[in-house]
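Taken in order, these protein sequences are the chains called A and B. First residue of the first sequence: 1099, per the numbering used here; consecutive thereafter. First residue of the second sequence: 684, per the numbering used here; consecutive thereafter.
Hints were generated in silico from the structure; no laboratory data involved. Wrong hints could be hidden among the right ones.
[What the hints assert, rightly or not] So these bits of chain A aren't anywhere near chain B, every CB distance computed over 12 Å:
(1) LEU1138
(2) ILE1141
(3) PHE1173
(4) GLU1174
(5) ALA1175
(6) GLY1178
(7) ALA1199
(8) HIS1220
(9) ASP1251
(10) THR1252
[What the hints assert, rightly or not] Below, computed lysine to any residue pairings styled on SDA-like, alpha-carbon distance capped at 20 Å:
(11) B:LYS827 to A:TRP1224
(12) B:LYS827 to B:LEU787
(13) B:LYS827 to A:TRP1147
(14) B:LYS929 to A:TRP1147
(15) B:LYS827 to A:GLY1255
(16) B:LYS777 to B:ASN911
(17) B:LYS827 to A:GLN1150
(18) B:LYS827 to A:VAL1149
(19) B:LYS929 to A:TYR1260
[To be verified] To be clear about the criterion: a stretch of chain B counts as covered by chain A if any three or more of its residues have a C-beta under 8 Å from a C-beta of chain A, and this derived list gives those stretches:
(20) 753 to 763
(21) 848 to 854
(22) 970 to 980
Using N, Cα and C, we set each Cβ at its ideal position, and we do this for glycine too.
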Amino acid sequence: MTIASRLEPVGTSLPATAVGVRRSHRHERIASHAVVAVLLVLILLPFLWLVQMAFRPTDDIFGDQIWFVPTLANFEALLGGKFVGSFVNSLPVSSLSTGIALVFGVPAAFVLSRWRFRGHGHIALWILTARMAPPIAFTIPFFLAYRWLGLQDTVIGLAIIYLTLSTSRSTCRSSFG
Amino acid sequence: VPELRFEAGRGPRGPKRTNWHASRRQALAGGLAPALAVLGILTLLPGLSLIVASFTPFSLVDPERSFTFADPLTNYRQLWHDPRFLNSVLVQAKLSAVTVVLQLAIGLGLALLLNARSVFVEGVRTIFLIPMVLPPIVVALIWKIIYTPDISPLHRALEAIGLPLGSLITDAGTALWAVAAADVWQWFPFTMLMILAALQMIPEEPMEAARIDGANRRQLFRHIVLPNIQATLVVAGLFRLIDIFKAFPLIYVLTDGGPGSVTEVANYYSFIEAFNFSYWGYASAIATVVLLSVFLLSWAVGRFGWATSA
């Protein structure tokens, strides 16, 4: 499709066929737009279903009918429940780990992209492995260390763990792409 | 990225340059060192303790016998004879193969479709990225809804046209493919994005020349587009291959490794051995094996990716 859409008629010397090319070109364009639109709806359907369920009244959650009166009751329930507390907990965790990661990661990324020194490849590989490592490989040692240090169930402890991911990520993203 | 390389001692102001060169190196090292120190503490230290723990029969239930290195390879020997671990490797291989192939195929197809100069197409490109930017647990929740017959739009639609379907995630024959479908949905935007970027880097001149020479669309794809995006396909595939090793939220929410252990990948099995059975030494050995595979794949990414992009 893409190749066709880029195909601008070259034939100024052959006006008759150029018109034909242009017409079939336009048909193809419409067809490809239609395909994109259909795929878009199809791919987003699971997500849209989640969104509509959020607005459905609780007693109608298993309901069959497509039309319903949207309600904000579920969102009101959120404000009254534990959600606010957990959301407030997320803020220091994410801002702490992101902030520290940027402070350390950005200068390092700049250096790695500008300076080819001996061992550059090894450091790049190390950072990439840290970014790609399965969480379980860090979960086990961190869990055991936290039991010992008493950092379990603390915001600081959580921020440190996310720091492992975000530092390697902020270094990795900007220096190697 | 242009490489800054200054030859010291050239030109009339040689000594001055050498000085500048030295202080530049010092400044660069100063920028790099703190990050490496933090990463060292946060990744090398846990990594090393993981490997050390994998040589012991470490268990929180039996602290006395935990730190013994009498038979350091016992966990690894046990791995070879553990049918559940061998099965988890097989499950991982199946899941990886299916998801990576489908993500590359769907990503390539959509990238070709979306690589058009049109206001509409350029506008909707971003919307296709939604699955990738959703929090993993939300993606898992979405698919839990889809695979739960009572509330699932999929099951209702199939029932409406007279094709009722049993729950896909509780059937041993389909559970793994159901998880794979959810993963493909979540991550096809990643391969699509990478391939789209590669497509837009293809120079216009050879395409133009081939078209004037009468090449048809298939020939253009085969001889110009494909060679230009080949390296990207390999790197995108390797990135997905590494990431699928970490499949956790989807499996945790959708199937919990079951039914039986048909959706239990090595990563997940390690989690169960550690947190459910408290065999930390054995779980560390499994995690070390997974870590080693990821390391080898990262090395391959470095080999392919940076060799071709540099």
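Restraint check for LYS827 (chain B) with TRP1147 (chain A), where alpha carbons must lie at most 20 Å apart: With Cα atoms ~12 Å apart, LYS827 (chain B) and TRP1147 (chain A) stay inside 20 Å; holds.
Pair hint LYS929 (chain B) and TYR1260 (chain A), alpha-carbon separation not exceeding 20 Å: At roughly 16 Å apart (the allowed maximum being 20 Å), TYR1260 (chain A) and LYS929 (chain B) satisfy the hint.
Chain B versus ALA1199 (chain A) - minimum CB to CB distance exceeding 12 Å, so not interface: The claim is violated: ALA1199 (chain A) sits with its nearest Cβ about 9 Å from chain B, within 12 Å.
Consistency of the no-contact label for HIS1220 (chain A), given chain B and a CB cut of 12 Å: violated, 10 Å
12 Å cut-off, C-beta based - ILE1141 (chain A) kept clear of every residue in chain B: At roughly 7 Å from the nearest Cβ of chain B, ILE1141 (chain A) sits no farther out than 12 Å, so the non-interface label is violated.
20 Å Cα cutoff - pair LYS777 (chain B), ASN911 (chain B): Violated. LYS777 (chain B) to ASN911 (chain B) sits at ~29 Å, over the 20 Å cutoff.
Whether chain A covers the segment 848 to 854 of chain B (at least 3 residues having a Cβ closer than 8 Å to its Cβ atoms): This one is violated; 0 residues, fewer than the three required, reach chain A with a Cβ under 8 Å.
Given hint GLY1255 (chain A) paired with LYS827 (chain B) - CA-CA distance at most 20 Å: Given pair LYS827 (chain B), GLY1255 (chain A) is violated - Cα atoms ~30 Å apart, limit 20 Å.
Holds or violated: LYS827 (chain B) to GLN1150 (chain A), with C-alpha atoms at most 20 Å apart: Holds. LYS827 (chain B) to GLN1150 (chain A) sits at ~15 Å (cutoff 20 Å).
Outside-interface status for THR1252 (chain A) - nearest CB in chain B farther than 12 Å: Given a closest Cβ separation of 16 Å, the condition holds.
Minimum Cβ distance from ALA1175 (chain A) to chain B greater than 12 Å, as the annotation requires: It holds; ALA1175 (chain A) is separated from chain B by about 17 Å at its closest Cβ, greater than 12 Å.
Claimed clearance of chain B by PHE1173 (chain A), with the beta carbon kept past 12 Å: holds, 16 Å
Checked against the numbered hints given earlier, the structure breaks hints 1, 2, 7, 8, 11, 12, 14, 15, 16, 20, 21 and satisfies all the rest.
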